[in-house]
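Make a model of the complete structure from these sequences and hints.
Per my numbering, residue 26 is the first one in the sequence shown, and the count goes up by one each step.
Please note that the accuracy of each hint is not assured.
Distance windows between CB atoms, simulated [stated by the list, open to error]: (1) Ala79 <-> Asn146: 20 to 30 Å; (2) Ser41 <-> Gly285: 35 to 45 Å; (3) Asp48 <-> Ala111: 37 to 47 Å; (4) Arg57 <-> Ala79: 21 to 31 Å; (5) Leu334 <-> Pro45: 44 to 54 Å; (6) Leu180 <-> Glu76: 24 to 34 Å.
DSS-like, lysine-lysine: derived pairs with alpha carbons at most 25 Å apart [to be verified]: (7) Lys290 <-> Lys213; (8) Lys156 <-> Lys168; (9) Lys290 <-> Lys156.
It should be emphasised that the hints constitute simulated quantities derived from the structure, not laboratory data.
Glycine included, C-beta positions come from ideal geometry on N, C-alpha and C.
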Amino acid sequence: MLNIEVARPQLAAYLSAKLPSDDGVEVGPLERITIGHSRGMFRVNASYQREGEAVERSFALRVEQAGMFGTNSLDEIRTMRAMRAAGFPVAYIRFVEFDPSVIGTPFFMMDWVEGSSGPPNEAALRDYVTKLHELHQIDWRAKEIPFARIPAIPLDAVHQQVDRWMEVHRWGRVLPEPLLEEAATWLKRNAPDDLQLTLVHGDPGPLNFIHEGDHVQAFTDWEFSHIGEPNEDWLFLGGMRGRGVMEPPQWREYIAGVTGHVITKETWAYWDVFNQFKGACANTSALRIFITGANPAPNMAAIGTALKLSMVQHLSTIIGMSYAQEGE
26 MLNIEVARPQ LAAYLSAKLP SDDGVEVGPL ERITIGHSRG MFRVNASYQR EGEAVERSFA
86 LRVEQAGMFG TNSLDEIRTM RAMRAAGFPV AYIRFVEFDP SVIGTPFFMM DWVEGSSGPP
146 NEAALRDYVT KLHELHQIDW RAKEIPFARI PAIPLDAVHQ QVDRWMEVHR WGRVLPEPLL
206 EEAATWLKRN APDDLQLTLV HGDPGPLNFI HEGDHVQAFT DWEFSHIGEP NEDWLFLGGM
266 RGRGVMEPPQ WREYIAGVTG HVITKETWAY WDVFNQFKGA CANTSALRIF ITGANPAPNM
326 AAIGTALKLS MVQHLSTIIG MSYAQEGE
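As structure tokens, this is what we get:
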């Protein structure tokens, strides 16, 4: 966990070496701006003199948190920079630091984007859904984003992501969990036939973008991005993250109405299982982080046990219904 009181002078020294100041940079108290688990996010307010003129600048500091959810900053940074170069609304990454000795963990700093990451109005939500659809239309091959996994065919993408999340689960678990092992097999056996290969954000939601008025200013939280099937995003949004806005059936209609992308009930059910599986595997990492003492906060234990088990129960219900329909 980042000790913000210790990190403040360390960041001041870091920025003093990076910014063209006359006599060093002062950093105000760090302001936590989200309660995310995979990354810590803070507003950094810096002040300094440049050629005798006072300068005030703000940055968004994004720090890793002990391997939470099995993600790393490098993939996120590469995707964000490629998307910004393509004209997509993404914050400009100003500084990147992989040396954990600077503030105790790898981090990167972005130029501050004005706006809100709170609940959007209807027009801003529509703009977000439209832009998420546009993300799926980007020619990702032309962008040459150096992902660790590049699937050759659409089915490979499903298998790669299932294997990816099982790796995270096995890293975090205390004992084998047959239900998740069975879910992984089910997902590979029952992948839809009409798969696509697109850029996938991986963590879309009503609180994972910055908006001002009726418009999106920046997409945030790119740590799960990869090449895969766009319905993974739509179900993550409509089946998980967006439940505070509307229920899944309404989301399915809304997505079709805004984008023209129609998702059948069968496809919706499959990607619902996938995202519950993804969430359960990712949340298992919190248990390891809690047990090892890397982050002893009680919510880590809750995420790695109760929240994970609720997702396992949800996906088990859907898989059980599919077996019943098949007569197994």
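Right, here's what the structure says about each hint:
no.: 1; hint: Ala79 <-> Asn146: 20 to 30 Å; in the structure: violated, 36 Å
no.: 2; hint: Ser41 <-> Gly285: 35 to 45 Å; in the structure: violated, 51 Å
no.: 3; hint: Asp48 <-> Ala111: 37 to 47 Å; in the structure: holds, 39 Å
no.: 4; hint: Arg57 <-> Ala79: 21 to 31 Å; in the structure: holds, 26 Å
no.: 5; hint: Leu334 <-> Pro45: 44 to 54 Å; in the structure: holds, 52 Å
no.: 6; hint: Leu180 <-> Glu76: 24 to 34 Å; in the structure: violated, 59 Å
no.: 7; hint: Lys290 <-> Lys213; in the structure: holds, 19 Å
no.: 8; hint: Lys156 <-> Lys168; in the structure: holds, 17 Å
no.: 9; hint: Lys290 <-> Lys156; in the structure: holds, 23 Å
When each numbered hint is compared with the structure, violations occur for hints 1, 2, 6.
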